[in-house]
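Colleague: Here is what each chain is made of, one letter per residue.
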Amino acid sequence: MMMSKLKLVIVGGGAITESVYIPILLNNSDFQLMAVIEQNGERGKYLKENFEGLTIYDSLHKVDEAFNAAIVATPNYLHKEVSIALLKKGVHVLVEKPMALSSADCEEMRSQANQNGVKLMVGMVRRYYTNMQMVKEIIEAKTFGELVSLSIKEGYVFNWPVTSDSLINKRKSGGGVLIDIGVHVLDLLFYWLGRPNLVNYYDDSFNQIEAECLISLSWPTGVVSNVQLSRLRELPNTIELTFEKGVVVVDVRPSDRVDISLSNKLLINGKVAKPVTDKMKPFKKQLQEFSELVLKGRVARTSIRDAEEGITLIQNCYDRRKNLSEMYQYY
Amino acid sequence: MIGGKTCQKCINIIKIVKEVLEKFKGKIIVVTGANGFIGCRLIELLSATNCEIRALVRNFGSSIRLARLPISIVQGDILDKESIREYFKGVDYVFHCAYGSSGSSQMRRKIDIDGTRNVIELSKEFNCKGLLFLSTISVYGLHGVGEVTEETPYLKSSDDYVLNKRAVEQLVTEHYLSSQLPAVILQPTGVYGPWAKSYGLKQIKYFKLKYYALEKGVDGIANLVYVDDLVQAMLKSVVNTNAYGNKYIISGLEHIEWKEFFSAFESITGNRNYVEYSGDELSKFYKMDQRRPSFLKALLGSLTVKKKEIKNLRKYVIIDFAINLFSRFSSKKLKKNLLSHSVEERSSNRNRVFLEGEIRQFYTTRSAALSRKATKDFGYDPKFGFKQGFEILKNWYYWFSGQNSER
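Protein sequence lines, in the order shown, are assigned to chains B and A. The numbering of the first sequence is this note's numbering, which starts it at 1 and goes up by one. The numbering of the second sequence is this note's numbering, which starts it at 1 and goes up by one.
Isolated chain B, as found in the complex:
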């Protein structure tokens, strides 16, 4: 029998589940949220108290109603294990970024999906930001001529009231700001320009979790890019694209702002069309595409191949890391 809508479970009751997935999926007629799986009893209780009608289980095995799809929003190190378990059961999976901690794990996940005839999609929500789509159009249409270089600076003071050490424990997170935020940035670069070559990678870790990193990339077309990421300080949080005929600056966040400086010194401060009024919209769009991928076989904007190559690039960065000689690195 044809499925008419996705019956979803969410595995992992962390921040993104609480702030994004549950609010979108509860009382959404396009989806049926069957349950949230959260191992931590206190956390599960908290979610149950805060979302009326939410069913919580502490294990996937305890879900007694049938479901056909799952969102995997566990700590990073569990993405592979949980996704494969679900794929083997014939469940379609939307796995949060990063897809897994190694390219081998990504490949295994992809082949499990193929073997079991189910869909696997990776949550790369930035592809759904209007401003990022605009950038892609500008690059492809050569509106300002050929792209010459990109400079991306994204940083904020990280101080989330996280409930576990999954983001600061290398075994669980797989890394620091590069795998957490950089995975989004690299995915956008894949989306816009295809696979880059790694030129240099620097970070501030002592073989642990980096808080700052700097990545230099190049493309066969001659385009070069510098990406600076931080969890310790506020950076401009902008993407600056230098074209032959001008410079375009957009925010890294889902913002309407776009500044264009043309070669004739004309500066235009404008707004991205179709402004983002609902911060949840990119996530809603992503979920909608996941649903269409499963139910109608439509290709999603996000790409498993790109996600996998992104992880390969991140691994490559860590393998080739050099010390970042910044002020905070005292000795």
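Note that these hints are calculated values from the structure, not bench results. None of the values given here were measured: they were computed from a predicted structure. All C-beta atoms in this analysis are idealised placements derived from N, C-alpha and C, irrespective of residue type, glycine included. One or more hints might be untrue.
Unchecked claim - Have a look at the derived ranges for each label pair, beta carbon to beta carbon: (1) B:Val63 / A:Gly103: 19 to 25 Å; (2) B:Gly53 / A:Glu125: 43 to 49 Å; (3) B:Ser29 / A:Glu125: 58 to 64 Å; (4) B:Ser164 / A:Lys129: 28 to 34 Å; (5) A:Gln180 / B:Asn207: 37 to 43 Å; (6) B:Asn323 / A:Pro153: 46 to 52 Å; (7) B:Asn237 / A:Glu266: 24 to 30 Å; (8) B:Asp30 / A:Ser401: 43 to 49 Å; (9) A:Asn59 / B:Asn197: 36 to 42 Å.
Fit chain A to the known structure of chain B by using the hints.
Modeller: Coordinates of chain A only, in the frame set by chain B:
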């Protein structure tokens, strides 16, 4: 080398503490308040040697700096003894840097006293070799002139922070006297350096909005210590059995005056951080600025501002907010009349602040805190003069604020 290329001329702190760091090799060290400004810097230096560091934090989310280092970050509440017991197993040295920095007055006192008691009891239970408690120079109160040493009496105080620190000192001393607890108390002066809040980021934020109106020829002594000098004292004292049962003032290499301190920040803020007036001018301007509250009362009606009940600094924020609000809706003539006495503030968009009461006393006190006892007993040897320490703070701030982010 401290820092990168911007700081190559700086003092090599690792070289300075190399000898004492050797004493921590193979040891198990617990640091409470590990993600604070001082705790984190201590761990950065300690992690240069081969020891097992257990960094106790309340929130993993604010442990990003620590997570770069090869240490164990453990979550626990010092008020819940059982929740932190396992981290004290086999411990050699404890650095107790945690204190009640937020929450209600009662909660802060509870964290300070009950939390310290738990740390003491666990340290005793696991036969810890040395404990270090961070107190503050503020326990002595504001002595007008002369030297402040460990013999200086504590003045009467109603400040919760001071009272709690004194209570903690008493608790530690009682345990030393009753059971030879191998504990040392350090009383640092104002600690500054990269990541400092009170004597760093907060000052910068403050001087971006305000400046001081100070009296010509009147200045107080700034008792300050650069963070790495304090860490040097922490490392040296906790392993020194002669230090146990004692309290030590930890001050910097030199004493400067507050006007020099305020001026130093001008290189960061780009503004004059104080203006000097003669005594008469100061009184005149002070009276002018004091007129504002009565006007504010009339303007806002229901919003009652009781001059005596609100603290000086807060008062100015409220007043300026009200004037700005009023300015939007008032005629040019009325605005001109109203603000005629505060042209200076308006031209710079920064608020003039007069020092009053305890704040004035703090910034005009001419007593110098001395670290002679620490030098004599455990070889404390401060290395950072103010100019040198501030240069590091400044370069760090440029990096932190994204003004100098090149690799």
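Colleague: For every hint, state whether the structure bears it out.
Modeller: To see whether the hints hold, each was checked on the structure:
1. B:Val63 / A:Gly103: 19 to 25 Å: The hinted range 19 to 25 Å is violated for Val63 of chain B and Gly103 of chain A, with Cβ atoms some 40 Å apart.
2. B:Gly53 / A:Glu125: 43 to 49 Å: Holds - the Cβ-Cβ distance for Gly53 of chain B and Glu125 of chain A, about 48 Å, lies within 43 to 49 Å.
3. B:Ser29 / A:Glu125: 58 to 64 Å: Once the Cβ atoms are compared, 59 Å apart, the range 58 to 64 Å for Glu125 of chain A and Ser29 of chain B holds.
4. B:Ser164 / A:Lys129: 28 to 34 Å: Between Ser164 of chain B and Lys129 of chain A, where Cβ atoms are some 32 Å apart, the hint holds.
5. A:Gln180 / B:Asn207: 37 to 43 Å: Distance hint for Gln180 of chain A, Asn207 of chain B holds at roughly 40 Å.
6. B:Asn323 / A:Pro153: 46 to 52 Å: 50 Å, holds
7. B:Asn237 / A:Glu266: 24 to 30 Å: 29 Å, holds
8. B:Asp30 / A:Ser401: 43 to 49 Å: 45 Å, holds
9. A:Asn59 / B:Asn197: 36 to 42 Å: 39 Å, holds
Consistency note: the structure conflicts with earlier hint 1 alone.
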